[in-house]
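For the record, the sequence lines run as chains H and E. Heads up: the first sequence is residues 267 to 552, going by this note's numbering. Heads up: the second sequence is residues 14 to 185, going by this note's numbering.
Warning: the hint list may mix true and false statements.
Said to hold, decoys possible - DMTMM-like mimics (lysine to aspartate or glutamate), calculated; alpha carbons at most 25 Å apart, straight line:
{"#": "1", "chain 1": "H", "residue 1": "Lys318", "chain 2": "H", "residue 2": "Asp432"}
{"#": "2", "chain 1": "H", "residue 1": "Lys545", "chain 2": "H", "residue 2": "Asp401"}
{"#": "3", "chain 1": "H", "residue 1": "Lys318", "chain 2": "E", "residue 2": "Glu85"}
{"#": "4", "chain 1": "H", "residue 1": "Lys425", "chain 2": "E", "residue 2": "Glu59"}
{"#": "5", "chain 1": "E", "residue 1": "Lys157", "chain 2": "E", "residue 2": "Glu61"}
{"#": "6", "chain 1": "H", "residue 1": "Lys425", "chain 2": "E", "residue 2": "Glu61"}
{"#": "7", "chain 1": "H", "residue 1": "Lys318", "chain 2": "E", "residue 2": "Asp47"}
{"#": "8", "chain 1": "H", "residue 1": "Lys318", "chain 2": "E", "residue 2": "Glu59"}
Said to hold, decoys possible - Interface residues of chain E toward chain H, partial, derived using beta-carbon atoms under 10 Å:
{"#": "9", "residue": "Cys57"}
{"#": "10", "residue": "Glu61"}
{"#": "11", "residue": "Leu82"}
{"#": "12", "residue": "Met125"}
Unchecked claim - Here are the computed distance ranges between Cβ atoms for each label pair:
{"#": "13", "chain 1": "E", "residue 1": "Asn70", "chain 2": "H", "residue 2": "Ala357", "range": "25 to 33 Å"}
{"#": "14", "chain 1": "E", "residue 1": "Ala110", "chain 2": "H", "residue 2": "Pro360", "range": "38 to 46 Å"}
{"#": "15", "chain 1": "E", "residue 1": "His136", "chain 2": "H", "residue 2": "Ala357", "range": "24 to 32 Å"}
{"#": "16", "chain 1": "E", "residue 1": "Asp47", "chain 2": "H", "residue 2": "Arg313", "range": "23 to 31 Å"}
{"#": "17", "chain 1": "H", "residue 1": "Arg414", "chain 2": "E", "residue 2": "Asn70", "range": "29 to 37 Å"}
{"#": "18", "chain 1": "H", "residue 1": "Ala290", "chain 2": "E", "residue 2": "Lys157", "range": "50 to 58 Å"}
For the record, the hints were derived by calculation from the structure and aren't laboratory data. C-beta atoms are modelled at their ideal positions from N, C-alpha and C, and glycine is treated no differently.
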Amino acid sequence: MRGNAEAHELIAPGSLAAVLELLACAPGEWTPIAGGTELMVAHAAGRLDAPKLVSLWGIADLRFIRTTPDRIVIGAGATFSDLRAHAGIAAELPLLARAASWIGSIANQSRATLGGNLVNGSPAADSSPALLAYDAEVELLSVRGSRRMAYADFHTGYKRNALAVDELLYAVHLPRRFGQHIQYLRKVGTRRAMAISKVALGATARVVDGVLSEIRLAAASLAPFPARLYQTEAALQCQIVTAETIEAARQALLAEARPIDDIRSTADYRSQVAANLLKEFLLQSG
Amino acid sequence: MSECWSRIHITVNGEDRTFHVPPMKRLLDVLREDLHLTGTKEGCGEGECGSCSVRMNGELVNSCLVPVLQAEGASIETVEGLANAGELHPLQQAFLACGGAQCGICTPGMLMAATQLLARNPHPDMAEIREGLAGNLCRCTGFKRIFESVLAAAHGPDDAANRETEQATHAR
Chain H
267 MRGNAEAHEL IAPGSLAAVL ELLACAPGEW TPIAGGTELM VAHAAGRLDA
317 PKLVSLWGIA DLRFIRTTPD RIVIGAGATF SDLRAHAGIA AELPLLARAA
367 SWIGSIANQS RATLGGNLVN GSPAADSSPA LLAYDAEVEL LSVRGSRRMA
417 YADFHTGYKR NALAVDELLY AVHLPRRFGQ HIQYLRKVGT RRAMAISKVA
467 LGATARVVDG VLSEIRLAAA SLAPFPARLY QTEAALQCQI VTAETIEAAR
517 QALLAEARPI DDIRSTADYR SQVAANLLKE FLLQSG
Chain E
14 MSECWSRIHI TVNGEDRTFH VPPMKRLLDV LREDLHLTGT KEGCGEGECG
64 SCSVRMNGEL VNSCLVPVLQ AEGASIETVE GLANAGELHP LQQAFLACGG
114 AQCGICTPGM LMAATQLLAR NPHPDMAEIR EGLAGNLCRC TGFKRIFESV
164 LAAAHGPDDA ANRETEQATH AR
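Only chain E is shown next, with the shape it has when bound in the complex:
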């Protein structure tokens, strides 16, 4: 073990964790390799796709671009922290109900970006949802159902259906 390694303390999903790693190791790799939280995915590895999105001190970040030393003392929330005592988070339930997940690679990042959006803005409209999730790419191109899932979680499924109808009417 190198003498340049750092002792890092972070809180992950409410649990205190301490480990010894190279300070430039990416938060993404620490989560997956050292803490075995493999829900957070690596897509592009350069901050373009949002697959590795987690919340750090209440802000959305790409964990592939965070050297773990900069997370020292931080509170990190990952997709594993969304479900509570076996009960899926309302966003997760909405993704299931509305077909918001296809291959699944982007889903954890989408859920974390949506969590961030709803924390700031509990009742976003479709344009705000699109902006909130603009940094997250779905390689299956299933964006429409992902946006509808977030809308359903924020407003309830009936309201989401009404809004879709309204939008379709306006479009005509």
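One chain only, chain H, in its complex shape:
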């Protein structure tokens, strides 16, 4: 069934303060909409369950990328075009720049926001493995104040997250300490443009005298939400890359992964491909 524009109220208060006030005064009543690349698709299909929408598009206080001595802070309203055009992200967080280039097409990247990608919470979200591999933190904002938490703890279930009803995702904080790390990100999908991933793996690690440390492994589409692979990381921490450690890590990943069968792929294929991606990353690290 086709969506009916008149079935939805949409307002644009125009400032961050006004949006937060609205969310506080009527908790749960208003659904924020940023670039619309997810919610407008639901609307077109007649399955947008949000009678009242509040627009975040055009709010300058949400659309920024700031660099401080120890971090790059990206406003939730920054688009993936903004991320791709930012020299600091390209230089220091290349996995995030690459993930941004995978989002839909140019026309999607100019509207889709980093905050929207995270709050939407798709298990296949393109930006998530890079953010998890970079130890990102998210900053949540409400009229009560702001709080920060590890992005790895933000998703709490399929399409569920840690936001309280009166909170907005305000920004993503990325530490600037990955210059010496091996970095890896690969997405496997049906075609290069527009395709939602079957599976994706992101990784960062330090390699000193052949020994792996500070390893971060993160996957899309291996669990109900984008998630770190903690057990697989543990199998690799302080190890030297050998055929044996690669095999042990593959087995740890296969044990830890919780993929599903769906229209895009099968659980078995996802697990096997993710294990192969892990091997590819480790061969680059060794």
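Position chain E relative to chain H; hints supplied.
What follows is chain E alone, placed relative to chain H:
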């Protein structure tokens, strides 16, 4: 007329337009139904095919995914704005000369995506053209001639032919 409707001002192809519509109405529908600019086509209606591509404040967007309230105050460019005083835009001329249009449904979106690409990168190579147009699907599968049309518009037809020859040589 509902009290929830919004009064929207946008600039379309350089002309100021004001209208009264539901704020969630898609920019695509406003262009076609309220402003009678039917050059912009609807393909998939879910941001996958690029047929409804227009430029909004200098950025390429899928107009099927833009609630019109979010276009308030914006400058919109559609395919109708490409030709100037009856003279086809160089991209349109190249599409004609190189066979870049078959059934025509994807053509307005292809032209707008190509316009966006050339605005950012006036002399793209074939790989950059393919990326710039990757969000636009041609149901006739006439991609090769579409890419050649953009290459011809960006570099001139002779240069385009030379590049094709070079690529064919490399492929061997």
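Hints, one by one, checked against the model:
Annotation: proposed proximity of Lys318(H) to Asp432(H) holds, straight-line Cα distance about 15 Å (limit 25 Å). Taking the CA atoms of Lys545(H) and Asp401(H), the gap is near 22 Å; set against the 25 Å cutoff, the hint holds. Straight-line distance between C-alpha atoms of Lys318(H) and Glu85(E) comes to about 18 Å, which keeps the hinted pair within the 25 Å bound. The suggested pairing of Lys425(H) with Glu59(E) holds, with an alpha-carbon distance near 20 Å, which does not exceed 25 Å.
Restraint check for Lys157(E) and Glu61(E): satisfied, since their Cα atoms lie roughly 20 Å apart, inside the 25 Å limit. For the proposed pair Lys425(H) and Glu61(E), the alpha carbon gap of about 22 Å is at most 25 Å, so the pair holds. For the given pair, Lys318(H) sits about 24 Å from Asp47(E) by alpha-carbon distance, which is consistent with the 25 Å threshold. For the proposed pair Lys318(H) and Glu59(E), the alpha carbon gap of about 21 Å is at most 25 Å, so the pair holds.
A hinted interface residue such as Cys57(E) counts as satisfied when its beta carbon comes closer than 10 Å to some beta carbon of chain H; here the least separation is about 9 Å, so the hint holds. With a least beta-carbon distance of about 6 Å to chain H, the hint placing Glu61(E) at the interface is held under the 10 Å criterion. Given the 10 Å rule on beta carbons, the hint for Leu82(E) holds: about 5 Å separates it from the nearest Cβ of chain H. Here the hint on Met125(E) is kept, as its CB sits about 9 Å from the closest CB of chain H, short of 10 Å.
Between Asn70(E) and Ala357(H) the C-beta distance comes to about 27 Å, which sits within the given range of 25 to 33 Å. For Ala110(E) and Pro360(H), the hinted distance range of 38 to 46 Å is satisfied, since their beta carbons lie about 40 Å from each other. Against the hinted window of 24 to 32 Å, the Cβ-Cβ separation of His136(E) and Ala357(H) comes to about 25 Å, which satisfies the hint. Take Asp47(E) and Arg313(H): their Cβ atoms lie about 25 Å apart, and the range 23 to 31 Å holds.
The hinted window of 29 to 37 Å between Arg414(H) and Asn70(E) holds, with their beta carbons roughly 32 Å apart. For the pair Ala290(H) and Lys157(E), the beta carbons lie near 55 Å from each other, so the given range of 50 to 58 Å is met.
Violated hints are absent here; each numbered hint is respected by the structure.
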